[in-house]
Amino acid sequence: MIAEETLVQELQREESRAKAFEVLVNTYKERLYWHIRRIVLNHDDTDDVLQNTFIKVYRNIEKFKGDSKLYSWMYRIATNESLTFLKQKSRKLGVSDQELKDRMVENLQADVYFEGDEIQLKLQKALATLPDKQKLVFTMKYFQEMKYKDISEALDTSVGALKTSYHLAVKKIEAYLKEN
Amino acid sequence: MEKDKENSFNTPEGYFESFNDRLMDRIQKEEAKEGGSIIPKTDGFVVPNGYFDEVTPSVLSKINTKEPKVLPLKTHKRFYYAIAAAAAIFIVMFSLTWESNPEPITFDDLANAEIEAYFENTDLEMTSYEIAEVVSIEEIELNDILDNELADDIIMEYLDENVDDIEELNLEDIDYE
Chain C
1 MIAEETLVQE
11 LQREESRAKA
21 FEVLVNTYKE
31 RLYWHIRRIV
41 LNHDDTDDVL
51 QNTFIKVYRN
61 IEKFKGDSKL
71 YSWMYRIATN
81 ESLTFLKQKS
91 RKLGVSDQEL
101 KDRMVENLQA
111 DVYFEGDEIQ
121 LKLQKALATL
131 PDKQKLVFTM
141 KYFQEMKYKD
151 ISEALDTSVG
161 ALKTSYHLAV
171 KKIEAYLKEN
Chain Z
1001 MEKDKENSFN
1011 TPEGYFESFN
1021 DRLMDRIQKE
1031 EAKEGGSIIP
1041 KTDGFVVPNG
1051 YFDEVTPSVL
1061 SKINTKEPKV
1071 LPLKTHKRFY
1081 YAIAAAAAIF
1091 IVMFSLTWES
1101 NPEPITFDDL
1111 ANAEIEAYFE
1121 NTDLEMTSYE
1131 IAEVVSIEEI
1141 ELNDILDNEL
1151 ADDIIMEYLD
1161 ENVDDIEELN
1171 LEDIDYE
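Chains C and Z are the protein sequences, given in the same order.
So the first sequence is numbered by our numbering: it starts at 1 and just counts up by one.
So the second sequence is numbered by our numbering: it starts at 1001 and just counts up by one.
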């Protein structure tokens, strides 16, 4: 796999940008897909947000200064795009953010691309009750197995605060699953 | 059946061979009950077959297409006004210089409705892009060519009725630095 630093340099040079961008998409599409999917839940919406994310990455790559890892920077864009998408969706439907989250989980039961059993559906219901930050930290740590340091860069939050959020999220999810 | 040499107790056949497996199963189940693993390890989401092969060309095609700035169809009325104004100015200029005409036609003689009806009913054979090329909207303020100034609330009402998604107006643009 091409080193991240080299890839960034190639992306920032106009003559090598197109080729390097293809490498970038191929390298990160799956990871970013799963990150977005766990926020917006539905496959088609995820596809839209993923494509928008890559387009934003392409258009802003010249502004990337390398203060963080390229990977964390793209996660940040993907997270912002996903949350903005949900805000637009709730505005369009004229419902509150929480109402939208509840509807999204309800829709999973009829979703052909969700093969979860009862407990996995309950997990989604539990996740829908969490504040955005706690949900994000939980899914990034638990399902994507990311390091706290990388999550910290992506979400612009200290490692200590992330650990607290993760701990709280686990407790709340466990309590929800036991009660229901 | 296995028999103990020192007493007469028996065990089922293969009991000791399968003991380890059964013990490990039991430990795992106990851990699942007590530990944090009450939370399932996977979340049940799947993707359509071949999706990840298709997404790269799809993203690349969007990057490579330089989209022209698309103006919504419903704003074409502006161009009609602009063209109407241009036509009216031409007629006024022409009539002023045409001295043989005792009563020159003025802008006021042309009712806005008539001008509008002309453009509505006549096929100009121009696309919206061609109209946009000849009429520079940057240099024309809409209020310059309208008798009644468009009040903010009328504009808001128009946007409210005709724009499905306010985001289409690109009012916000997140800057990723």
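Keep in mind that a hint or two might mislead.
[Unchecked claim] Here are the simulated lysine-lysine pairs, DSS-like style, with alpha carbons at most 25 Å apart:
(1) Z/Lys1041 with C/Lys149
(2) Z/Lys1041 with C/Lys63
(3) C/Lys163 with Z/Lys1062
(4) C/Lys172 with Z/Lys1062
(5) Z/Lys1041 with C/Lys29
(6) C/Lys56 with Z/Lys1041
(7) Z/Lys1041 with C/Lys178
(8) C/Lys133 with Z/Lys1041
(9) C/Lys125 with Z/Lys1062
(10) C/Lys19 with C/Lys92
(11) C/Lys89 with C/Lys19
(12) C/Lys19 with Z/Lys1062
(13) C/Lys141 with Z/Lys1041
(14) C/Lys163 with C/Lys149
(15) Z/Lys1041 with C/Lys122
(16) C/Lys147 with Z/Lys1062
[Claimed, not checked] Just some of the chain C residues that point at chain Z, by a computed CB distance under 10 Å:
(17) Glu30
(18) Trp34
(19) Leu50
(20) Leu121
(21) Tyr148
(22) Glu153
(23) Leu155
(24) Thr157
(25) Val159
[To be verified] Pair by pair, the computed Cβ-Cβ distance ranges are:
(26) Z/Glu1054 with C/Ser16: 38 to 48 Å
(27) Z/Ile1154 with C/Glu22: 40 to 50 Å
(28) Z/Pro1040 with C/Lys147: 17 to 27 Å
(29) Z/Asn1121 with C/Arg76: 46 to 56 Å
(30) Z/Ile1091 with C/Glu14: 19 to 29 Å
(31) C/Arg76 with Z/Glu1054: 33 to 43 Å
(32) C/Asp67 with Z/Ile1089: 31 to 41 Å
(33) Z/Asp1053 with C/Gly94: 35 to 45 Å
(34) C/Asp150 with Z/Ala1086: 58 to 68 Å
(35) C/Asp150 with Z/Asn1049: 53 to 63 Å
(36) Z/Asn1049 with C/Arg59: 42 to 52 Å
(37) Z/Tyr1158 with C/Glu99: 54 to 64 Å
(38) Z/Ala1086 with C/Glu106: 49 to 59 Å
(39) Z/Ile1154 with C/Glu15: 29 to 39 Å
Hint data in this document are derived by calculation from the structure and do not stem from the laboratory.
C-beta atoms are modelled at their ideal positions from N, C-alpha and C, and glycine is treated no differently.
May I ask you to test the hint 58 to 68 Å on the CB atoms belonging to C/Asp150 and Z/Ala1086? Holds, at about 59 Å.
Take a look at whether the Cβ-Cβ distance between Z/Ile1154 and C/Glu22 falls inside 40 to 50 Å. The hinted range 40 to 50 Å holds for Z/Ile1154 and C/Glu22, with Cβ atoms some 49 Å apart.
At the C-beta level, are Z/Glu1054 and C/Ser16 separated by a distance inside 38 to 48 Å? This hint is violated: roughly 25 Å between Cβ atoms.
Go through the hint on C/Leu50 and say holds or violated, using the shortest Cβ distance to chain Z against 10 Å. holds, 7 Å
Could you grab the alpha-carbon distance between C/Lys125 and Z/Lys1062 and see if it respects the 25 Å cut-off? Violated, at about 35 Å.
Starting from C/Lys163, check that the Cα of C/Lys149 is at most 25 Å away, please. holds, 11 Å
Holds or violated: the hint that C/Leu155 contacts chain Z, with Cβ atoms closer than 10 Å. Hint violated; C/Leu155 Cβ to chain Z Cβ min 14 Å, cut 10 Å.
Holds or violated: 31 to 41 Å for the Cβ distance of C/Asp67 and Z/Ile1089? At 56 Å between Cβs, range violated.
Just to be sure I understand the hint, the distance between the Cβ atoms of Z/Ala1086 and C/Glu106 should be within 49 to 59 Å; is that true here? Holds, since Z/Ala1086 and C/Glu106 (Cβ atoms, about 56 Å apart) stay within the stated range.
Sort out whether Z/Lys1041 lies within 25 Å of C/Lys141, counting only the CA atoms. holds, 12 Å
Sort out whether Z/Lys1062 lies within 25 Å of C/Lys19, counting only the CA atoms. Holds, at roughly 15 Å.
Min Cβ distance, C/Trp34 to chain Z: is it shorter than 10 Å? holds, 8 Å
Violated hints, listed in ascending order, are 2, 3, 4, 6, 9, 10, 11, 16, 21, 22, 23, 24, 25, 26, 30, 31, 32, 35, 36, 37, 39; each of the other numbered hints is respected by the structure.
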